[in-house]
Amino acid sequence: MARRRKRRSQSDVELNLAAMLDMAFQLLTFFILTFRPAPVEGQISLRLPPPQAVVVAKNAQKAGADTSNTNPVQGVNTLTISVFADPQSGLIKSLGVGETQVSGMAALGGKLKEVFADPGNPFDQVIIQVSDSCRYDELMKVVDVCTRQVLPDGQKLSKLSFVEVPSG
Amino acid sequence: MAQLSQEVKAEPNLTPILDMVFQLITFFMLVINFKSAEMDLSIRLPVVGSARPVETHGQRGLLVLNIDQNGNLKNYGGIVQNVESYIAREAYASRLAAHINADDKEAAQDLPTTIVIRADRATSFKMINRVIKACQDNGFLKFTLKAMNKEA
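Protein chains in written order, with our numbering: chain D, 1 to 168; chain E, 1 to 152.
I should point out that these hints are in silico values taken from the structure, not numbers from a laboratory.
Just so you know, nobody snuck in bad clues.
The list that follows gives simulated cross-link-like pairs (lysine-lysine, PhoX-like), each with its CA atoms no further than 25 Å apart: (1) Lys141(D) x Lys126(E); (2) Lys142(E) x Lys156(D); (3) Lys93(D) x Lys113(D).
Here are the in silico distance ranges between beta carbons for each label pair: (4) Asn82(E) x Lys93(D): 32 to 38 Å; (5) Asp153(D) x Ser50(E): 17 to 23 Å; (6) Pro49(D) x Asn82(E): 22 to 28 Å; (7) Gly104(D) x Tyr92(E): 42 to 48 Å.
The beta-carbon is built from N, C-alpha and C at its ideal position, and this holds for glycine as well.
Just chain E, with the same shape it has in the complex (with noise of 0.2 Å):
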């Protein structure tokens, strides 16, 4: 008797556990958001009635921009120290594609590239305006500034 309940052995079925797992895989998959990574999430935007929802219909490429409340520029966590030196290199990858791009008649006449800012509220005016500046001095013409629709 004892040897008999011994041998038995407790196989359960993994199948369903494995089926319900491979879904919220999925599910996780098709909602990860990896463009969040260039987004600095501890900036408080600004609040603007007329903020509409993000359209990336017609735009090609996008420099996201995030500047702090002491006009730090940030890229994906880190402090940019050269502003302008930054700015100038992504001018040149962005003409670089408009020029590979050979159908771009746009890109004769300015950069392709539209300027994401997302900048924090306190930020004063002079520190987004130097980046604003730097942008329009390598040619970059088309912006976007982030703001909320209401208070989050």
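For reference, chain D alone in the conformation it holds in the complex (with noise of 0.2 Å):
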């Protein structure tokens, strides 16, 4: 018994590593091959209701019968921006800002900045009359405009929706 126990102290446990590392190698080869490093995306995060009408009186009143109201547009609280693109190129032909036209971007933004700047200003969402035609990336400028605007309350406007236009 005592011999036994001795040989058995003796002799070596040799592992075959080699199995092992077929295994660990055709792991590595599934891995190496399903690598797909994803490019590094942003976003613009939105609430998109649909679309409701461009006024709504919160107070309805009828016209004339408060002769101190100065303030015509008090109870409106959509701002409706016009984006008309060519129906060939689809790119931006004419924007504007209620009934005003602004000649760009640029424009847009400042006279955006204006508006939501005035403290008693009803706005907190913003509707986009995109023609149909309009290409993406140039719906993506007026959205960029848009979402850099700040509310009265501080937040940033989300607050969208789309209404499409039938260009021509």
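Relying on the hints, combine the two individually framed chains into one complex.
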């Protein structure tokens, strides 16, 4: 018995690592082949409710009932931006804020800043009327300008609605 | 002499190479991203300066919609033929998940799932609006528009 124990303790256990290495290489090959680093993408988070009526009178009042009211936009909480694009190229042809035409993105930004800087402004959401032919990247420039605006309560403007306008 | 040389066995020590391979496997396992399978990397996103890095904090479910420049809605490489029914199915699943989560009070108002729109920069608004409208009709209100911070 003592002899047997001696023999066992003396014998070396040799693991065959070749099979394990084969398997490890196969796993490595799989991971290398399936490795596709995704590009770093950004995002603009929005709340897009379905478009509603442009003018919402909060406290319905008959015209002329309040003679002291000098603010004709009282009760209006949606600002309309119009984006008209060229039907062929899809590039923006003209821009408008409400009834006012603006000449470009910088002017649009300036106008929106002016509107939202007014502490008494009633706008808390924006409806963007867009030509159906407008390219997505052109539209995103407008969305970019809109989402940079800060509401009087300090929140960033994130409530937008899109309305499709037939081009032509 | 010749007999002696035949008996010599070359047994390389495989332990270091196995260690290295396991380290490589660990690296690839950690960086692998199965979510990228749902993104169509052939889509050229628009470049928008104010696009923020992706934040998934607070977002409970994402539905990624890839729209190519022809207006086709793509899902895991395949084109979705019936967009409206596909989105309606997803809305049903989202609503069901929200109801299972009983403490989800927000679900009563609108669906908790965020729609992630990855559209090609050349896609016309008409095509994108079709998808957005289908989502809105089914109760999705939270949207995320994907864009690049700078030209790749």
